[in-house]
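Asks: Residue-level listing of the chains:
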Amino acid sequence: MPKINVALIGSGNIGTDLLIKALRSTCIHPVWMVGVDPESDGLKRAKALGLKTTSDGLDGLLPHLVADQIQIAFDATSAYVHAEHAPKLRAHGVVAIDLTPAAIGPFCVPPVNLAEHVGKGEMNVNMVTCGGQATIPIVAAVSRVQAVDYAEIVATVASRSAGPGTRKNIDEFTRTTANGIEQVGGAKKGKAIIILNPAEPPLIMRDTIHCLTNTTPDQAKITASIMTMIKEVQKYVPGYRLKHGPIFDGNRVSVSFEVEGLGDYLPNYAGNLDIMTAAALRTAEMIAEEMLTGKFNPIRSA
Amino acid sequence: MDLRGKKVILHDNSLRDGMHPKRHQITLQQMIDVAKGLDAAGVPLIEVTHGDGLGGASVNYGFPLHSDEEYLRGVIPHLKNAKVSALLLPGMGTVEHLHMAADCGVSTIRIATHCTEADVSEQHIREARKLGMDTVTFLMMAHMTEPAALAEQARLMESYGAQCIYCTDSAGYLLPDDVTARIRSMRETLHPDTQIGFHGHHNLAMGVANSLAAIEAGAVRIDGSAAGLGAGAGNTPLEVLAAVLERMGVHTGIDVFKLIDVAEDLIVPMLDQQIRVDRDSLTLGYAGVYSSFLLFAQRAGKKYHVSPVDILIEMGRLKAVGGQEDLIEEVAQNLADKKAKRSAVA
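Chains A and B, in that order, give the protein sequences.
Numbered per the numbering used here, the first sequence spans residues 138 to 439.
Numbered per the numbering used here, the second sequence spans residues 11 to 356.
Careful, some of the hints might be misleading.
List of simulated lysine-lysine pairs, DSS-like, C-alpha gap at most 30 Å [to be verified]:
1) Lys313(B) <-> Lys326(A)
2) Lys305(A) <-> Lys313(B)
3) Lys329(B) <-> Lys380(A)
4) Lys358(A) <-> Lys312(B)
5) Lys380(A) <-> Lys348(B)
6) Lys313(B) <-> Lys358(A)
The set of hints was computed from the structure by calculation and includes no laboratory data.
Extracted from the complex, chain A is given alone in its bound form (with noise of 0.2 Å):
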């Protein structure tokens, strides 16, 4: 079966992960690994796999594009990085599917946006925050029932699995993941709380999204929506599971989840990085599909 030809552009944890769900894949097939390190576990993971790989950022990747026939390139960098990746990607014909909280592009939650966002040819779309892909399908579940004026969610991750970057900008993930909640999720409002843990062993991410709705809330339909929407979720991320609810309150709507990881590369604690890592592998997958039958028409503007 044909398939589409990917770059992993950032070898750290995130970029490794995916590297190694993407070899499963059906339609894609991972070509490039780009990192900055020469010695990074995930450089040297990706050459014993037999990527291409190159250690001098995406500029050691740009000549290959062609010949390598590179149609989407996922970007685990960091925002700031990502910002100068984007033009280029784009100016080259690559499809980017961003890791970063940079959110250069429209925000994807799959189950809830990504036909949308393929339909229109997307040359570049941000997959929010781990702690956004666990809790935006819940949201959104619940605003196609009825209007929700508030959502607000709650993740708890294990202190290891919440890096560097995380921890120097953790208000990027808070403000990010509002963001998410309100454009995607579809609450009038949103907000985010993010807690660290340092328990050991290092507990499951855990996940409460509260939602109020406008008006009283149609349990029946609220909680059809919902298991509905988990079983879309469990498509790619099969360790997303209900722990508690929902519970109904006056207009107050609470479910609790638990999102435990493959553990591909990272251990199966760090749900909250292995929903980010499935969840943009289904993207590329999705795009991969369409671009295989003819039907991806990249959007024009810039």
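Since the structure of chain A is provided, determine the placement of chain B on it from the hints.
Replies: Same frame as chain A, but now just chain B:
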């Protein structure tokens, strides 16, 4: 213990930590009255915010009667000498909240992380210093890490620009020797110009004793609350500490009798329930559980017909940290399910 001649800054938390037992419903007038009373009694620093700090207004922790901004703008203009501080927990409060607080006239910002997660506070500490604020940090749930590791985390905060770092006994679990070991280790590790503080909870009735141990080991800022108004069995009762310190010859600049009047005449009439060491709050201190979980565990206990003591013990076993209030209802339900299963078997 000889503390004669030492100088200590006492910091009142009744209008912030005290928001927990008041379910964040203190009225603006009550805030103003208490703050004015504390000011007149010579308390140099008063904290005013949602119990969980700036941006704490939420379904998860409770919506307050007024926004942080309304409280701050309401209280600050009434004060003659006292300065106002605000609490900020990175992950909940943001740099935008920090700017808002500075704009309201908050002079001291207190940036709090769990005792092992100091590095999430860097952006907030640097920004606070840039704004010229008195920049203080909290290492919360300090019993959950060893003295040397706590000092290492304090050193990180110092490297970002923190001017005073607190050993924060959020669970009221520490005993005096534990406090001594932690403060001593921090004092040995930090630059001599960096101040050290101690924030206690009275769950094992150790608030005053722990504060004295902290002062002896080198702490110069001590938190308490008038009438102990704070989470769990409350904070260190500030008027009691002030009286003890006066007897011991420590300079605080506080008029003890005026402070007693604030506690008795203003705070006590505000209480919805007694703030004291009782079955549930004692459990917090005994099991090392975040004091703000108290009312949540009591409400969940009522809803699921299980004992708040059992809920709190389980939260301790799960090593829950500050902010994990969302786990309490699930724990209560699981306990209820287990109980139902047991009675079905019987």
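Asks: Next, verify each hint and record whether it holds.
Replies: Hints, one by one, checked against the model:
{"no.": "1", "hint": "Lys313(B) <-> Lys326(A)", "verdict": "holds, 29 Å"}
{"no.": "2", "hint": "Lys305(A) <-> Lys313(B)", "verdict": "violated, 40 Å"}
{"no.": "3", "hint": "Lys329(B) <-> Lys380(A)", "verdict": "holds, 18 Å"}
{"no.": "4", "hint": "Lys358(A) <-> Lys312(B)", "verdict": "holds, 28 Å"}
{"no.": "5", "hint": "Lys380(A) <-> Lys348(B)", "verdict": "holds, 15 Å"}
{"no.": "6", "hint": "Lys313(B) <-> Lys358(A)", "verdict": "holds, 24 Å"}
In terms of the numbered hints stated before, the structure departs from hint 2 and from no other.
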